[in-house]
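Engineer: Here is what each chain is made of, one letter per residue.
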Amino acid sequence: MIISVASGKGGTGKTTVATNLAFSLGKNVQIMDCDVEEPNAHLFLDPAVTETLPVVAPVPEVDPGKCTFCKKCMEICRYGAIAVVAKKVLTFEELCHSCGGCLAVCPEDAVSEKRRELGIIEKGTIREMSFIHGRLNIGQVMVPPIIKKIRTFTNHWSVNIIDAPPGTSCPVIAAMHGADFVLLVTEPTPFGLHDLTLAVEAVKLLGIPHGIVINRAGMGNDEVKRYAQNEGIDILMEIPFSKEIARVYSRGEMIVEKMPEYKQKFLDLFDRIQTLAGPVKGVVGQ
Amino acid sequence: MKIAVSSKGRDLDAPVDPRFGRAAYLVVVDTENLEFEVIDNSKNINAFKGAGINAAASISEREAKVLLTGFCGPNAFKTLEAAGIKVANDATGTVREAVQAFKDGAFSYADGANVDGHW
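Protein sequences appear in the order of chains G and A.
Here the first sequence is numbered in our numbering, starting from 1 and rising by one per residue.
Here the second sequence is numbered in our numbering, starting from 1 and rising by one per residue.
One chain only, chain G, in its complex shape:
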């Protein structure tokens, strides 16, 4: 089973919910931190890393001896990653989306692929749980290939909990696509609601069952609840706006360990997710 924890707005508590849900289950669970631009689940989990893998992407390399400067490569590239000027070919690796278009259209066979490292993946364990996360290299911007690589390690015999990046752009889609359930974590504020609305639209397009967790419940207003009711989306859990929880979080500790009464609340959340998700496909698309 794959549960993707997303939010729209950043800083609503995705990592808190993902890690505490995982800890409540305790075993047969894999935590997949897909927020590769700023992974943080490891700060709370302190996993023992056992394996590090590079994530590479192909980028074009042009043989100036073969190139006739026909510009076909430049014309097909949507990202401006290859430019032909004054009988020179320039490549901009950081803009390349590795589609292979330039390679396919070159009539002179002057374009070949070389490999560029985008980031790394680290795998490890915490007690009886599996852990995996990715880190984007400094200066790189291509996030989805790292997320897709992380997701190739989905364990179909256990529960996979994905800590998704914020927003609703390509990285988030890469972290939600093919999930059995998307858990949307929000806060009851105008910003939380605004970005939640965008996230819900994305999840609906992907056709994935979903539900809401309200974090810092008690602050802000009731607009999120009104919105959820109008949209027919279940609010599966509320985590109160409490000083004690904030204190536990800011020490990098787990709520379910320091405040054990929360363990059952997260297990109840998991039950509701299972009910709403229905029969698990258990297969990542693509």
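Calculated from the structure, these hints are not laboratory results.
The model shown is predicted, which means the values in this text are computed figures rather than measured ones.
By construction, the Cβ of each residue, glycine as well, lies at the ideal position given by its N, Cα and C atoms.
Take the hints with a grain of salt, since some may be wrong.
[What the hints assert, rightly or not] What follows is a set of in silico ranges between Cβ atoms, one per label pair, in the way DEER data are often shown:
hint: 1; chain 1: A; residue 1: Asp11; chain 2: G; residue 2: Glu38; range: 43 to 51 Å
hint: 2; chain 1: G; residue 1: Pro190; chain 2: A; residue 2: Thr92; range: 37 to 45 Å
hint: 3; chain 1: G; residue 1: Ser112; chain 2: A; residue 2: Asp40; range: 32 to 40 Å
With the hints as your guide, set chain A onto chain G.
Structural biologist: Chain A in isolation, oriented as in the chain G frame:
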């Protein structure tokens, strides 16, 4: 000699657009007779990435040797440099005024980008 000016409009009396890659138009002017060609840059304005690179390639295609603009990012500068196009990035006024200032020798050429990408 042909020089390119980033422009907000389609003629010599249009104001200079201080942006290069995402300028509305690029006007390539022959300094001898003020004949000019207008490049519609609209497809670059909302480009996700690579606007400066594409704009640089299109003025290179029109054989411009100098670019007068306001702001030029790193990828645009790298492309212009490869194309052998010199960059002056303190152009103001109308396209005609900028061309005249260039003919009067009022510009000095930049030796690098003067803004970051996506500024």
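Engineer: With reference to the structure, classify each hint as holding or not holding.
Structural biologist: Hints versus structure:
no., hint, result
1, A:Asp11 - G:Glu38: 43 to 51 Å, "holds (48 Å)"
2, G:Pro190 - A:Thr92: 37 to 45 Å, "holds (42 Å)"
3, G:Ser112 - A:Asp40: 32 to 40 Å, "holds (34 Å)"
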